[in-house]
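S.K.: Protein chains in written order, with my numbering: chain A, 1 to 290; chain B, 1001 to 1202; chain C, 2001 to 2215.
Keep in mind the hints are simulated off the structure, nothing from the lab.
What you are looking at is a predicted structure, and each value in this text was computed from that prediction instead of being measured.
Any given hint could be a false lead.
[Claimed, not checked] For lysine to any residue, the following SDA-like pairs were computed, each having C-alpha atoms within a straight-line distance of at most 20 Å:
1) A:LYS55 to C:THR2164
2) A:LYS63 to A:ASN131
3) B:LYS1166 to C:ALA2069
4) A:LYS259 to C:PHE2013
5) B:LYS1057 to A:MET133
6) B:LYS1166 to C:ASP2183
7) A:LYS288 to A:ASP203
8) B:LYS1187 to B:LYS1166
9) A:LYS241 to A:ALA270
10) A:LYS197 to C:HIS2168
11) A:LYS274 to B:LYS1166
12) B:LYS1166 to A:SER64
13) A:LYS274 to B:GLU1153
14) B:LYS1057 to A:HIS192
15) A:LYS63 to A:SER96
16) A:LYS59 to A:ILE35
17) A:LYS274 to C:ILE2193
18) A:LYS274 to A:ASP203
19) B:LYS1057 to C:ILE2193
20) A:LYS239 to C:ASP2190
21) A:LYS241 to A:LEU265
22) A:LYS239 to C:ASP2183
[To be verified] Cβ-Cβ distance ranges computed for the label pairs, FRET-style:
23) A:SER96 to B:THR1060: 42 to 52 Å
24) B:SER1068 to A:SER247: 33 to 43 Å
25) A:ASP203 to B:GLY1163: 22 to 32 Å
26) A:PHE260 to C:HIS2168: 50 to 60 Å
27) B:GLU1042 to C:GLU2172: 17 to 27 Å
All residues carry an ideal CB built from backbone N, CA and C; glycine is no exception.
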Amino acid sequence: MSTTQFVSLGFNWKTGLLAPGLLLVTSSPVFAHNIEKHFKVEPRSVVTIHNPNGKVVVKAWTKSEVMVIATHTSDKVEVDAEQAGNRVDVTTHQLSETISPEDLRADYQINVPEDAELQIHDDSGEVTVANVMGDMNVETVGAGVDLEDAAGYLTVKTVGGSFQCVRCAGRLEVSSISGSFRLLSLRSYHVHAQTSKGNILFDGEFLPNGIYRLKNYSGVIEVHFSPGDSFDLSATSLKGKVNNQASLTPPAHPDRISKFGNAILGTFNAGHAKVELSSFDGTIKILKRD
Amino acid sequence: MPEAEAIRLAQAGNAAAFERLYRLHNRRVYSLCLRMVGNTAEAEDLTQEAFLQLFRKIATFRGESAFSTWLHRLAVNVVLMRLRKKSATETSLDEMTEPDEESGGPRRDFGTPDLRLSGSIDRVNLQRAVEQLPPGYKAVFVLHDVQGYEHNEIAEIMECSIGNSKSQLHKARMRLRELLHESMRDKAREDRKAAGNAGGED
Amino acid sequence: MATTTCRSFQEQFEPGSNSPRDVSVQAHLRDCPACRSFVEDLGSIRAAAIELAGSDPEPSAQIWISLRAQLEQEGIIHGAAGKGWFADLFRGHLGALPRPVLAGAYLSVLLAVAFGLSGPINSRINRQRWLDGTQSSTTPLSAQLRSFENDSLTSRPDTDSPVTASLHSNLEIVDNYISLCQDSVREEPDNEIARDYLYEAYQQKADLVAQLNER
Chain A
1 MSTTQFVSLG FNWKTGLLAP GLLLVTSSPV FAHNIEKHFK VEPRSVVTIH
51 NPNGKVVVKA WTKSEVMVIA THTSDKVEVD AEQAGNRVDV TTHQLSETIS
101 PEDLRADYQI NVPEDAELQI HDDSGEVTVA NVMGDMNVET VGAGVDLEDA
151 AGYLTVKTVG GSFQCVRCAG RLEVSSISGS FRLLSLRSYH VHAQTSKGNI
201 LFDGEFLPNG IYRLKNYSGV IEVHFSPGDS FDLSATSLKG KVNNQASLTP
251 PAHPDRISKF GNAILGTFNA GHAKVELSSF DGTIKILKRD
Chain B
1001 MPEAEAIRLA QAGNAAAFER LYRLHNRRVY SLCLRMVGNT AEAEDLTQEA
1051 FLQLFRKIAT FRGESAFSTW LHRLAVNVVL MRLRKKSATE TSLDEMTEPD
1101 EESGGPRRDF GTPDLRLSGS IDRVNLQRAV EQLPPGYKAV FVLHDVQGYE
1151 HNEIAEIMEC SIGNSKSQLH KARMRLRELL HESMRDKARE DRKAAGNAGG
1201 ED
Chain C
2001 MATTTCRSFQ EQFEPGSNSP RDVSVQAHLR DCPACRSFVE DLGSIRAAAI
2051 ELAGSDPEPS AQIWISLRAQ LEQEGIIHGA AGKGWFADLF RGHLGALPRP
2101 VLAGAYLSVL LAVAFGLSGP INSRINRQRW LDGTQSSTTP LSAQLRSFEN
2151 DSLTSRPDTD SPVTASLHSN LEIVDNYISL CQDSVREEPD NEIARDYLYE
2201 AYQQKADLVA QLNER
């Protein structure tokens, strides 16, 4: 039988806001440890999450509050959430020197104000963020990252984790070694995506004055466009192929065209956006949407 | 302390280095924000936000561009994001720089002679007119004509081509000219009305 | 400057750069009151803009005070009062800083120097010199990276963790790309695209090795 305790805490920080937190602790004599904490925050709060293994799900809500719900099964870890001024730090602590990946696992459900800035470090597991408009920095090793309806300055770095970004705006920089990327329904004005072994799919808008740089070593880079789009295109694969369905106006200056590899250069419609696709030995496809 | 040294020390968390970087650049950033939003309170808030974002990310600065360019790019983004959030409907950057023909004011006939602005505009009128520009035009005008950046620098800050920067500047100036002429005509109308009232009905 | 219409003239006109002494500009202005008015107006706008620049008030001193307080709260400024072990943990592990290890920083410097020494990208020098330059800078770099990688293998306790295994397998991927890029540079030493890829592959390796060293 689980017990529920409500404990009111005055968090101590030497500068900044005083924000009483509400701590809800449930513990089951069986296996799961659950913690729920609430923090009142001001606009543009910063939320940092450091979780070596497990799921991290962050969603925006309308309250000026950060809510952290954490679940873990092992006694060898401890989850901690603290507030310092307008920043909330969430951390999974390893209590034992020797610990298996399963024991290290903690899962988080975090609700934040829409304008919160996020800094997330999750080595393995999954990271999902939805509807958050503040800047974001996400780093993982193997964890996949899924962003939906995010905006702001988004930087994502994985080693092998995949990345999906749907209906995001603002500025996006993503890099990986072997992760693949799916960039769907994007309204970003700056996209810089680089992976070594992974594939990149871009199916979004090319905003006027936008810059879109997609790069890999091997694999496929696939970009979809519509007849009404307008971009300046540079697509080069050093050892692989470039398949292009866009009718391009060739550049006025032929010396722009590199003599190395397979390259396609030209302007589609008025060339308002800049699209640069580059692969070492992969295949680049520029395909018209149906 | 030279800027390069201040950057290096700031990346290690040195407080004096942060302050040095702030003092080196705060006036230009504040000026940019002030010209973009038109009021000091909001400009101060945006200046603080721009520097905060910069200092949070300073460890990632690798010197691919000049530090001031990087800072101004951040500041422009901060301002444009704020302006975007303030607009009544969701506004993408293309709407910010390519205003609807209808809302952009009456089309001018390029060959039509017009009232002269010379002697009638001062910085107060100009600032009011600048505030009415769409955010993208405003940014390029402030960076070029007010702050004196060249087009190649603006292209780096705004991450656009030099051609786009020139085109946006031209459109900004054309729009400003229209706004200032409208303002001149409104003032002339009010003066005539005031003169008529003052004359009374004898 | 050859212009035939007002629209064309006004689109191309740049205050200060189009000299009034230019014959075609003078001719058009002589005949076109609308464009004369346009040129004068742009001059007035420009002059008012310069006045604006000179009239900016000093930003409030409060900005730095608030900014500094926030930077201290977030632990970005070091030496702030009493943030304790938790702030140190934050600084050491989270994404506000890149891999904050000496290895990572040192390797970045090595890379920058190595590729700076290998010659300006656009210079027209012969292929052998490109090849020699690239090899002389990448050979010691490669040795350094191997040394750091070996250090990380011997000092790390959790060799079996999936995360470490993932880092290693990705290191192999990057090593493979370095090898492919090196072959490509050997075949075409003046191929700047191949050299860029080689440079980036080394950067990725440095980053991965630094991550391994952190664990």
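S.K.: All the hints need checking, so say for each whether the structure fits it.
M.R.: Hint-by-hint comparison with the structure:
At roughly 19 Å between alpha-carbon atoms, LYS55 of chain A and THR2164 of chain C fall within 20 Å of each other, so this suggested pair holds. Distance hint between LYS63 of chain A and ASN131 of chain A is fulfilled; the C-alpha atoms sit about 13 Å from each other, no more than 20 Å. Between LYS1166 of chain B and ALA2069 of chain C the alpha-carbon distance is near 40 Å, which puts this suggested pair outside the 20 Å criterion. The straight-line distance between the Cα atoms of LYS259 of chain A and PHE2013 of chain C is roughly 37 Å, outside the 20 Å bound, and the hint therefore fails.
Straight-line distance between C-alpha atoms of LYS1057 of chain B and MET133 of chain A comes to about 18 Å, which keeps the hinted pair within the 20 Å bound. Between LYS1166 of chain B and ASP2183 of chain C, the direct Cα distance comes to roughly 43 Å. Violation of the 20 Å bound is thereby established for this hinted pair. Proposed proximity of LYS288 of chain A and ASP203 of chain A is supported: the alpha carbons are some 10 Å apart, at most 20 Å. Of the supplied pair hints, the one linking LYS1187 of chain B and LYS1166 of chain B is violated, its CA atoms being roughly 31 Å apart against a limit of 20 Å.
For the hint pairing LYS241 of chain A with ALA270 of chain A, the CA-to-CA distance comes to about 26 Å; that exceeds 20 Å, so the pair is violated. Pair hint LYS197 of chain A plus HIS2168 of chain C holds up; C-alpha atoms about 15 Å apart against a cutoff of 20 Å. Of the pairs offered as hints, the one joining LYS274 of chain A and LYS1166 of chain B holds, with about 16 Å between alpha carbons and a cut-off of 20 Å not exceeded. With a C-alpha separation of about 43 Å, the suggested pairing of LYS1166 of chain B with SER64 of chain A is violated against the 20 Å cut-off.
With a CA separation close to 17 Å, the supplied pair LYS274 of chain A and GLU1153 of chain B stays within the 20 Å bound. The hinted pair formed by LYS1057 of chain B and HIS192 of chain A meets the criterion: a straight-line CA distance of about 17 Å does not exceed 20 Å. Restraint check for LYS63 of chain A and SER96 of chain A: the C-alpha separation of about 37 Å exceeds 20 Å, so the hint is violated. Taking the CA atoms of LYS59 of chain A and ILE35 of chain A, the gap is near 17 Å; set against the 20 Å cutoff, the hint holds.
Proximity of LYS274 of chain A to ILE2193 of chain C is assessed by CA-CA distance (about 19 Å); at most 20 Å being required, the pair is judged to hold. Proximity of LYS274 of chain A to ASP203 of chain A is assessed by CA-CA distance (about 15 Å); at most 20 Å being required, the pair is judged to hold. This hinted pair does not check out: LYS1057 of chain B and ILE2193 of chain C have alpha carbons roughly 29 Å apart, beyond 20 Å. Taking the CA atoms of LYS239 of chain A and ASP2190 of chain C, the gap is about 16 Å. The hint holds against a cut of 20 Å.
A C-alpha spacing of about 14 Å is found between LYS241 of chain A and LEU265 of chain A, which places the hinted pair at or below 20 Å, so the restraint holds. Note on LYS239 of chain A and ASP2183 of chain C: the hinted pairing holds, with a Cα-Cα distance of about 12 Å set against a maximum of 20 Å. In this structure, SER96 of chain A and THR1060 of chain B break the distance hint of 42 to 52 Å, their C-beta atoms being roughly 34 Å apart. Between SER1068 of chain B and SER247 of chain A the beta carbons are some 41 Å apart, a value that agrees with the proposed interval 33 to 43 Å.
At about 27 Å, the beta-carbon gap between ASP203 of chain A and GLY1163 of chain B stays in the expected band of 22 to 32 Å. The beta-carbon spacing between PHE260 of chain A and HIS2168 of chain C, approximately 32 Å, falls outside the hinted interval of 50 to 60 Å. Taken as a hint, the range 17 to 27 Å is violated for the pair GLU1042 of chain B and GLU2172 of chain C, whose Cβ atoms sit roughly 52 Å apart.
The structure fails to meet hints 3, 4, 6, 8, 9, 12, 15, 19, 23, 26, 27 from the earlier list, while all remaining hints are met.
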